[in-house]
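Once you have looked at the hints, place chains B and C on chain A.
Chains as they are written, first to last, in the working numbering: chain A, 354 to 623; chain B, 6 to 322; chain C, 11 to 346.
Rather than coming from a laboratory, the hints here were simulated on the basis of the structure. Any given hint might turn out to be false.
Only some residues are given here: those of chain A computed to face chain B with a beta carbon under 10 Å [to be verified]:
no., residue
1, Leu407
2, Glu436
3, Arg441
4, Arg443
5, Tyr462
6, Ile468
7, Ala471
8, His475
9, Ser479
10, Val483
11, His508
12, Ser511
13, Tyr599
SDA-like cross-link-like pairs, simulated, lysine to any residue; straight-line CA separation at most 20 Å [said to hold, decoys possible]:
no., chain 1, residue 1, chain 2, residue 2
14, B, Lys162, C, Ala19
15, B, Lys46, C, Ile300
16, B, Lys162, C, Ile300
17, B, Lys97, B, Arg218
18, B, Lys130, C, Gly28
19, B, Lys130, A, Ala418
20, C, Lys82, B, Lys46
Where is the CB? At the ideal position from N, CA and C, for every residue including glycine.
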Amino acid sequence: MSGPPVLEVDGLRVGFAGETGLTQAVDGVSLALRAGEVLAIVGESGSGKSVTALSVMGLVRGSQALVEGSVRFEGKELLDAGEEELRRLRGARIAMVFQDPSSSFNPVYRVGNQIDEALRAHRALSAREVRELTLRTLGAAGIADPERLAASYPHELSGGMCQRAMIAMAVALEPSVLIADEPTTALDVTIQAQVLELLARLNRERNLATLLITHDLGVVAEVADRVAVMQGGRVVEEGPLEQIFYEPQHSHTRELLEALAHLGRPRGAS
Amino acid sequence: MSAFLLKRLARMLGVLFVISVAVFLIFNVMPNEPAAQIAGKSATPQLIAQVEETWGFDEPLPEQYLTVMKLTFTGELVSYTRQLDVDEEIWKGLPATLSLCLGAAVIWLLLAIVFGYLSAFRAGKATDRVLMLVSLISISLPIFLVSSLALNYLSYKLELFPSSGYVGITEDPLDWAYHLILPWTTMAVLFVGLYARVLRANLLEVMDEDYVRTARAKGLGERQVRIRHVLRNALLPIVTLFGLDFAALIGGAAIITEYIFSLGGIGQLTANAVADLDLPPVMALSMLAAFFVVVLNTLVDIAYTWLDPRIKLERAQ
Amino acid sequence: MEGSPRRTALRRLRGDRGAIAGLVLFAAIVVFVLAAPLWANHVADTGPNATHTTEKVEVDGEPREVVSVEGKPVGPLWLGAGGKFFLGADGRLGRDEMVRLMYGGRTSLFISLTASLIATLSALALALLAGWFRGRVDAVISFLLDVIWAFPVLLLGIALGTALAVGGLQLGPLSISAGSIWIPTLIGAFVFAAYIARPLRGEVLALREQEFVKAAVAGGAGSGRVMLGELLPNLVPTAIVLFTVNVANMMLLEAGLSFLGAGVQAPDASWGTMIAGGFEQIVSSPRLMILPSTMIFLTVLSLNLIGDGLGTALNPRSRATTEAHTGRFEAEYEGA
Numbered sequence: 354m355s356g357p358p359v360l361e362v363d364g365l366r367v368g369f370a371g372e373t374g375l376t377q378a379v380d381g382v383s384l385a386l387r388a389g390e391v392l393a394i395v396g397e398s399g400s401g402k403s404v405t406a407l408s409v410m411g412l413v414r415g416s417q418a419l420v421e422g423s424v425r426f427e428g429k430e431l432l433d434a435g436e437e438e439l440r441r442l443r444g445a446r447i448a449m450v451f452q453d454p455s456s457s458f459n460p461v462y463r464v465g466n467q468i469d470e471a472l473r474a475h476r477a478l479s480a481r482e483v484r485e486l487t488l489r490t491l492g493a494a495g496i497a498d499p500e501r502l503a504a505s506y507p508h509e510l511s512g513g514m515c516q517r518a519m520i521a522m523a524v525a526l527e528p529s530v531l532i533a534d535e536p537t538t539a540l541d542v543t544i545q546a547q548v549l550e551l552l553a554r555l556n557r558e559r560n561l562a563t564l565l566i567t568h569d570l571g572v573v574a575e576v577a578d579r580v581a582v583m584q585g586g587r588v589v590e591e592g593p594l595e596q597i598f599y600e601p602q603h604s605h606t607r608e609l610l611e612a613l614a615h616l617g618r619p620r621g622a623s
Numbered sequence: 006m007s008a009f010l011l012k013r014l015a016r017m018l019g020v021l022f023v024i025s026v027a028v029f030l031i032f033n034v035m036p037n038e039p040a041a042q043i044a045g046k047s048a049t050p051q052l053i054a055q056v057e058e059t060w061g062f063d064e065p066l067p068e069q070y071l072t073v074m075k076l077t078f079t080g081e082l083v084s085y086t087r088q089l090d091v092d093e094e095i096w097k098g099l100p101a102t103l104s105l106c107l108g109a110a111v112i113w114l115l116l117a118i119v120f121g122y123l124s125a126f127r128a129g130k131a132t133d134r135v136l137m138l139v140s141l142i143s144i145s146l147p148i149f150l151v152s153s154l155a156l157n158y159l160s161y162k163l164e165l166f167p168s169s170g171y172v173g174i175t176e177d178p179l180d181w182a183y184h185l186i187l188p189w190t191t192m193a194v195l196f197v198g199l200y201a202r203v204l205r206a207n208l209l210e211v212m213d214e215d216y217v218r219t220a221r222a223k224g225l226g227e228r229q230v231r232i233r234h235v236l237r238n239a240l241l242p243i244v245t246l247f248g249l250d251f252a253a254l255i256g257g258a259a260i261i262t263e264y265i266f267s268l269g270g271i272g273q274l275t276a277n278a279v280a281d282l283d284l285p286p287v288m289a290l291s292m293l294a295a296f297f298v299v300v301l302n303t304l305v306d307i308a309y310t311w312l313d314p315r316i317k318l319e320r321a322q
Numbered sequence: 011m012e013g014s015p016r017r018t019a020l021r022r023l024r025g026d027r028g029a030i031a032g033l034v035l036f037a038a039i040v041v042f043v044l045a046a047p048l049w050a051n052h053v054a055d056t057g058p059n060a061t062h063t064t065e066k067v068e069v070d071g072e073p074r075e076v077v078s079v080e081g082k083p084v085g086p087l088w089l090g091a092g093g094k095f096f097l098g099a100d101g102r103l104g105r106d107e108m109v110r111l112m113y114g115g116r117t118s119l120f121i122s123l124t125a126s127l128i129a130t131l132s133a134l135a136l137a138l139l140a141g142w143f144r145g146r147v148d149a150v151i152s153f154l155l156d157v158i159w160a161f162p163v164l165l166l167g168i169a170l171g172t173a174l175a176v177g178g179l180q181l182g183p184l185s186i187s188a189g190s191i192w193i194p195t196l197i198g199a200f201v202f203a204a205y206i207a208r209p210l211r212g213e214v215l216a217l218r219e220q221e222f223v224k225a226a227v228a229g230g231a232g233s234g235r236v237m238l239g240e241l242l243p244n245l246v247p248t249a250i251v252l253f254t255v256n257v258a259n260m261m262l263l264e265a266g267l268s269f270l271g272a273g274v275q276a277p278d279a280s281w282g283t284m285i286a287g288g289f290e291q292i293v294s295s296p297r298l299m300i301l302p303s304t305m306i307f308l309t310v311l312s313l314n315l316i317g318d319g320l321g322t323a324l325n326p327r328s329r330a331t332t333e334a335h336t337g338r339f340e341a342e343y344e345g346a
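Isolated chain A (complex conformation) (with noise of 0.2 Å):
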């Protein structure tokens, strides 16, 4: 957890152009990740933070949004970067898990087939050699039986495994940086504590720079260094994980952490 930031993200305005005008989703944020950390981004939904990730990873781009400032990958501008130059960070550079497993895999491919095309867009070798990656990583991520995972359709995993699954296709290729935006979110509350240990274990033995986006404070004290509190747009407050927790300095971070101070009961009953 030293060295120059990995990713800096510097006065990240995001805009989308609707019927009644402009909306300011990311109004001006700014975040560095460093090797090796597990940087949490919290806020309620519309807060901006899964926006802010989608930006990073260029997917935000079309006609409808406005994109200015400065995200920074080890150094290099992406935002003025190519189509073609972003293509090749994504899955093998900087890798994204969703929220959803079961439906970011698509249905009609099954599971191994979908690791091996992520893994062939990037990694000139031979089917077999493809084919034994895709397991080696399955194993790595716990999966007990690869082959048989890798044979199956997604509708046919439960999500816990769904969600190792996608975590193992994004790591495969040793990204430097692995965005995770609400991983455990539509999990069950004993698999979601499974898939977080899973994440810190990768970013502990792969020294893999992490920025978790949740809303649930209970995610973010099992695994994150630091925290950035976001807030209509903007990052309200930010620093390491203790002085989040317990000396809170903007309000808006004691009231979520007042919420669950007080919810008091089994999570996983939304």
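Same frame as chain A, but now just chains B and C:
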């Protein structure tokens, strides 16, 4: 899976049976004087009596039904008006009809995929608007207008294409295609618009799916995303649609197209029989067309479970 | 949210240029067709069936034969003869094509509108019964609908039309003569009732799970009250869209049937019968086939525009696929 298959087939047989009953009712029970109508306009009283006997009009209805079904399925149906063996005529006409329908289908599917794809991925822009306008016009065009314009200008005035006749593919493939170009285009025009619109709607829906976002996020090229993920999934409902439409062609567009272009297929057979109010061929062809629709739909349903892995699970549950 | 759903729908419709164009076009066609007696009596001075084979008409002072010796009818005179034979004569019989086009349109439109109305109302009833009561009622109704769907529309129409063409229809007290235009009308109503019932039934199935229906039942409403008071009003928007598209479908069906001889019978004329007559003279006088075909095209186009507009206005998020097309004769509407 096989339990589901058996159930599906059983249902299909049930529908086929009821269809045969329906056809029987329409042609043997509903008309005012069925025997006379079957015997034809210029029938003598002896002929009518003969028809009454052959077709079992003196029997109670259930037996009559069996008699008529036996006639139909053992190929003994005869057109009294034109002295023809119905099933022979059907066999003779099949190649032309199949050539027409399959050829048109290939053309319209290919064009629809191109138009739908271009429209969806340039949604809102000029290309999209133009193609959608063209599609709207195409689905409103009656066969009569397209064929009359084609015949008049391309065939008679400019003499670019023949106006009628069918040449077997085994006789002369080039001539076969040459005679079919106008009929193919006439039929395809109507369906290109429809399929392009449906595909465009499907593509727009699939574009927003999570797995498309994943595909991009894992670094696939845009074209690969569009074809392997968006198009592939958007084409799925088109398969069922096509199954319905192709089967319906035989009893719909093909009849009129064959008649207009004198292609001599079973469509024209139907048209001629209708013009003469000749019941036996119309009865046989109605049953044939309906059977074809049911069988083809069942096959499409079964194929769909193979194409969309999710369906298997739903059925099993 | 301002305004009732109906008002928002109307607003959206008003802004939809395609739908407005469709409405204007359709209105123009209706006016055209309703003006038939006016035109016939005051301009063309003849009826739709009156023949003028051996007559001559004065064009800019010069007499011209309505039908030449070789049997070729005179082409469009436009206003050259004061409006007589505006679009020319129709073949050997020398009838006024313009007058026939207008009167034929009346027949076609009447059949299409009436059949669609009957079909839609029947479909509503069937959908409500099948969707609300489910169980055996639904099984029977759905099965019968399946059987009807198995028949390609045109073919079913042909089958019924041919069977009824000679002796007419005798159903208990109901007796319709063979040449009546009610035969093709009822045939169309019968066939399309099944096609409209399908999406409507789907909507009923979806609606019955909604809160307001459950509330009504909990409040003690009987089946009749629920079906008529709760479900039916919610079906009306979809039914209107389906009706509109079905008029177009029905036009095409009637044209196809009449063209082949199983629809409107002589002496009545419809655009379909005119196309049949025109087909025989496609080489010598192509306009005789092109004119009625174009009228059908314009009518179907306008109805498609209206149907599309209504579909998006009532439910912009739905993938409303509302089309009419010759070979398929089917309407699909999917609510969101």
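- Answer holds if the nearest beta-carbon of chain B is closer than 10 Å to that of serine 511 of chain A; otherwise answer violated. At 13 Å from the nearest chain B Cβ, serine 511 of chain A fails the 10 Å test, so the hint is violated.
- Query: Within 20 Å, alpha carbon to alpha carbon, are lysine 130 of chain B and glycine 28 of chain C?
  - Reply: 17 Å, holds
- Query: Holds or violated: are the alpha carbons of lysine 162 of chain B and alanine 19 of chain C at most 20 Å from each other?
  - Reply: Roughly 49 Å separates the two Cα atoms, so the pair is violated.
- Hint check: 10 Å Cβ-Cβ cutoff, leucine 407 of chain A to chain B: Given a least distance of 8 Å, the restraint on leucine 407 of chain A holds.
- Message: Using the nearest Cβ pair, does arginine 441 of chain A come within less than 10 Å of chain B?
- Response: At 7 Å from the nearest chain B Cβ, arginine 441 of chain A passes the 10 Å test, so the hint holds.
- Task: Verify the interface restraint on histidine 475 of chain A: the C-beta must sit less than 10 Å from at least one C-beta of chain B.
- Result: With Cβ-Cβ at 6 Å, under 10 Å, it holds.
- Are lysine 130 of chain B and alanine 418 of chain A close enough, with their CA atoms no more than 20 Å apart? With Cα atoms ~17 Å apart, lysine 130 of chain B and alanine 418 of chain A stay inside 20 Å; holds.
- Task: Would you check the hint for lysine 46 of chain B and isoleucine 300 of chain C, treating anything up to 20 Å between C-alpha atoms as holding?
- Result: 32 Å, violated
- Message: A closest beta-carbon separation below 10 Å is what the hint needs, so does histidine 508 of chain A meet it against chain B?
- Response: 5 Å, holds
- Item | Restraint status (C-alpha distance of lysine 162 of chain B to isoleucine 300 of chain C at most 20 Å) | Distance of about 15 Å is within 20 Å: holds.
- Item | Minimum beta-carbon distance criterion (10 Å), arginine 443 of chain A to chain B | The hint holds - arginine 443 of chain A has a Cβ within 10 Å of chain B, the shortest such distance being about 4 Å.
- Interface hint outcome for valine 483 of chain A [beta carbon to chain B under 10 Å]: 14 Å, violated
Comparing the model with each earlier hint shows violations of hints 9, 10, 12, 13, 14, 15, 17, 20; every other hint is respected.
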